[in-house]
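Participant: Based on the hints, put chain B in the right spot on chain A.
Quick note, the sequences are listed as chains A and B, same order. Residues 1 to 236 (our numbering) are what the first sequence spells out, left to right. Residues 1 to 245 (our numbering) are what the second sequence spells out, left to right.
Misleading hints may appear alongside valid ones.
Cβ-to-Cβ under 7 Å is the rule here; a few derived chain A residues that face chain B [claimed, not checked]:
#1 113
#2 169
#3 224
#4 227
Here are the in silico distance ranges between beta carbons for each label pair [to be verified]:
#5 125(B) to 37(A): 29 to 37 Å
#6 241(B) to 117(A): 56 to 64 Å
#7 44(A) to 5(B): 23 to 31 Å
#8 27(A) to 153(B): 30 to 38 Å
#9 5(B) to 128(A): 56 to 64 Å
#10 67(A) to 31(B): 43 to 51 Å
#11 24(A) to 151(B): 26 to 34 Å
#12 62(A) to 125(B): 50 to 58 Å
#13 45(B) to 137(A): 48 to 56 Å
Here chain B is said to cover these stretches of chain A; the calculated rule only asks that three of the stretch's residues, wherever they fall, bring their Cβ under 8 Å from a Cβ of chain B [to be verified]:
#14 61 to 67
#15 77 to 85
#16 186 to 197
Treat the hints as calculated values from the structure; they're not laboratory data. Being a predicted model, the structure only gives us computed values, none of them experimental. For glycine and all other residues, C-beta sits at the position ideal for the given N, C-alpha and C.
Each chain is listed here by its residues.
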Amino acid sequence: MTTQVQSAQSGVGKVGIFGAMIRRDMTAAFRHSSDLVNPLIFFVVVVTLFPLAVTPESAFLREIAPGVLWVSALLATLLSLDMLFQSDFQDGTLEQMLLSPQPLYSAILAKVATHWLLSGLPLTLLSPLLAMMLFLPAEGIKTLMLTLLIGTPVLSFIGAIGSALTVGLRKTGLLLSLLVLPLYIPVLIFASGAVQAATAGLPIAGHLALLGAILALTVVLAPLAIVTALRISLSG
Amino acid sequence: MWRWFHKLGSPKWFYAISGRLLPWFSVAAMLLLVIGTVWALLIAPADYQQGNSYRIIYIHVPAAFLAQSGYLLMAIAGAVGLIWKMKLADVVAKSCAPIGASFTLLALITGAVWGKPTWGAWWVWDARLTSMLVLLFLYLGVVALQSAFTDRNQAARASALLALVGLVNIPIIKYSVEWWNTLHQPASLTLTQRPSMPAEMWMPLLIMVVGFYCFFAAVLMMRTRVELLDRERRTGWVKEIIRES
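If we strip away everything but chain A, and leave its shape as in the complex, we get:
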């Protein structure tokens, strides 16, 4: 009873906690803006490496562009996963979140949404520039942005599961990629497949529908796994 009274008094409902968390995380993130920019720079640098390593020939680059862009986006997302729970774990905020009477589900949803707003969305907005540098035709660029828009939230959700599982451990970087990368494979296949189909002038609705289905599935199931993982990580 008291918990209900408290939450009523502080005026924080289910939507309230969601909004409050996003506002707080956004403010915190913008105060350390280098954390936001670094994954983006990484994305640009990795994509730049491919023409240098393979060939600057436009016909070949056009062919590998969907894969290169998607793999780079995936790695950039992976590197940005640190900002999800790490600092909140270190200063004890995460523990307070688990203890609070507010539903953890909305708080987690807010954290993942913030992560996407600060990593997936900028990657999506930056991608046309890099796609043009890799000579991807206009039709492909449109599809690339669309797939990134649908696919990067999935990356944030699945990444959050891995991040929550490893948050209490010391050296997490390599372990996290080992856990998360295999789970990213379906998204990678359907997304780069869609871009390839679009550049070849084939229909892409099937690929996009499957990506959407994966997104729907992760939005429903991943928060449960994230909550469980956080409870496990903080139980030690």
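Facilitator: Relative to the frame of chain A, chain B by itself:
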């Protein structure tokens, strides 16, 4: 039913019953594997297209079966441990991971050996090969996470959750790579259809599959027993066993 379930959760009871079952499974595995191997390699007829190189399927197919069943068992045991906090299930899940990973590796290697004469390449980016490779990655992830924690309880719960997340992903991964690229032949042995090969060929395969399952069970029991003894070393029944031996 529930009493049996609770009994199964007791390490002492499991140790006793598995001690009695272990010799049976070991002997059965040895017999079946010897009979199966001799039959498969010496007696079964050669394939009219592939000649003798097809015989590797007698190792490859059972290994691939077990790679998948092993993951399923690991995930189920993990879920039981996660939900009912059953210690024994944690131990079974932990013991499953390295065995399953080895069988996955074996399936991949035998597949490569078979692929060289048949497809002309050690490795092709075919759907089944790729999904087996991903399965290996999932196993390795569970093993890595298992060893990353110092606290056993935490390690068991975290890797159980990862195994479950992987289990949800397996069908998605399977279908995604299947639509992506397919070269591998369809399954040679299914439960629902009559096998497409003659009895002299599939009978030894069946024996090998059963033999592999017995072998898996025996190794799983051994690993689980050792792990149990280590975990329960402060309890009375373990001390008694040590005193007796």
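Participant: Taking the hints in turn, state whether each one holds.
Facilitator: The hints, checked one at a time:
no.	hint	in the structure
1	113	violated (20 Å)
2	169	holds (5 Å)
3	224	violated (10 Å)
4	227	violated (10 Å)
5	125(B) to 37(A): 29 to 37 Å	holds (36 Å)
6	241(B) to 117(A): 56 to 64 Å	holds (58 Å)
7	44(A) to 5(B): 23 to 31 Å	violated (56 Å)
8	27(A) to 153(B): 30 to 38 Å	holds (37 Å)
9	5(B) to 128(A): 56 to 64 Å	holds (57 Å)
10	67(A) to 31(B): 43 to 51 Å	holds (50 Å)
11	24(A) to 151(B): 26 to 34 Å	holds (31 Å)
12	62(A) to 125(B): 50 to 58 Å	violated (21 Å)
13	45(B) to 137(A): 48 to 56 Å	holds (55 Å)
14	61 to 67	violated (count 0)
15	77 to 85	violated (count 0)
16	186 to 197	holds (count 4)
Of the numbered hints given earlier, the model fails hints 1, 3, 4, 7, 12, 14, 15; all others are met.
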